[in-house]
Amino acid sequence: MAYSDKVIDHYENPRNVGKLDAADPTVGTGMVGAPACGDVMRLQIKVNEQGVIEDAKFKTYGCGSAIASSSLVTEWMKGMTLDQAAEIKNTSIAEELALPPVKIHCSVLAEDAIKAAIDDYRAKVAK
Amino acid sequence: MDFRQNYFELFGLPVSFAVEQVVLQQRYQELQKSLHPDRHAAASSQQQRMALQYATYVNEGLATLKSPLKRAGYLLQLAGLDVRSEANTTKDVNFLMQQMEWREALQEANAATDPFAVLNSVRDEVGQARDGLYQRFVSAWQQGDADSLAQAHECHRQLQFMHKLLDEVDAMEERLDD
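Protein sequences appear in the order of chains A and B. In terms of the numbering used here, the first sequence is residues 60 to 186. In terms of the numbering used here, the second sequence is residues 3 to 180.
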């Protein structure tokens, strides 16, 4: 199966790979996994006092589409408010990367990771 | 030929996670014999087509009951759970962290002084975790109530990661052997 140029670009030059301190109260960590393909994704956001995401990092073990999906969303999320980031839909990710139907679940995984990271951050703030 | 039978009924086995592999193979050979094309040479083309479909059904049944992972998924399916959905993700943080650690260890194994030692220790740890998950799967599935079945479903999700990891360990070992 052929990957789109955008997927290959993100796969070969992934943006924002790395780790933020999960114990930092301004950092939200989202972890999700897809049993069918064994992919594991960690997405982290650092949120400033205005509720804007100022940094995002990811680490993904999986196929090219899963890596590209998470790389893409870290780019998108920087500068967004939490509410804006929560609105990111897997369909936009799949469209941007021109994912074939069999790889749509990779974009679903990225959307789930965003939600999990936001939930984790909000749970920390609520404490 | 009855396509409505589940695979356990097809092979005359009790619906259970424990399957006697010797018995399974014997029943498979019996079913195969009855399906041999020579026995249907005189049959109409429709009957021959049916026989072919039935053979596929029998082969799928064998593959499902032979593999512990597929068998576990099939038991959940029989209990009415959807095990194939793409929305079927796992969010168990401790489990996923452990997965990440194993993957990192594998990634770093290439640069290790003794990569085989790293592979062996990951294989042992993952293998133990897998065995534990199968035990938990069986007892949860045997309980059979909705909560227990949800637990069994989560065990099955996690088992898929374990098998995937073990496959990767084997693949890495083969590359290192070259």
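One should not assume that every hint holds.
[As the list claims (entries may be wrong)] According to the in silico footprint, chain A covers these stretches of chain B (three or more CB under 8 Å from chain A):
no., stretch
1, 95 to 107
2, 152 to 164
[Stated by the list, open to error] From the derived model, a few chain B residues whose C-beta atoms are all more than 10 Å from chain A:
no., residue
3, F5
4, F10
5, G14
6, Y59
7, V60
8, L64
9, G82
10, T91
11, G129
12, L167
Think of the hints as simulated: they come from the structure by calculation, not from any bench. Note that CB positions come from ideal geometry on N, CA and C, so glycine has one too.
Provide an ascending list of the numbers of those earlier hints which the structure does not satisfy.
10 and 12
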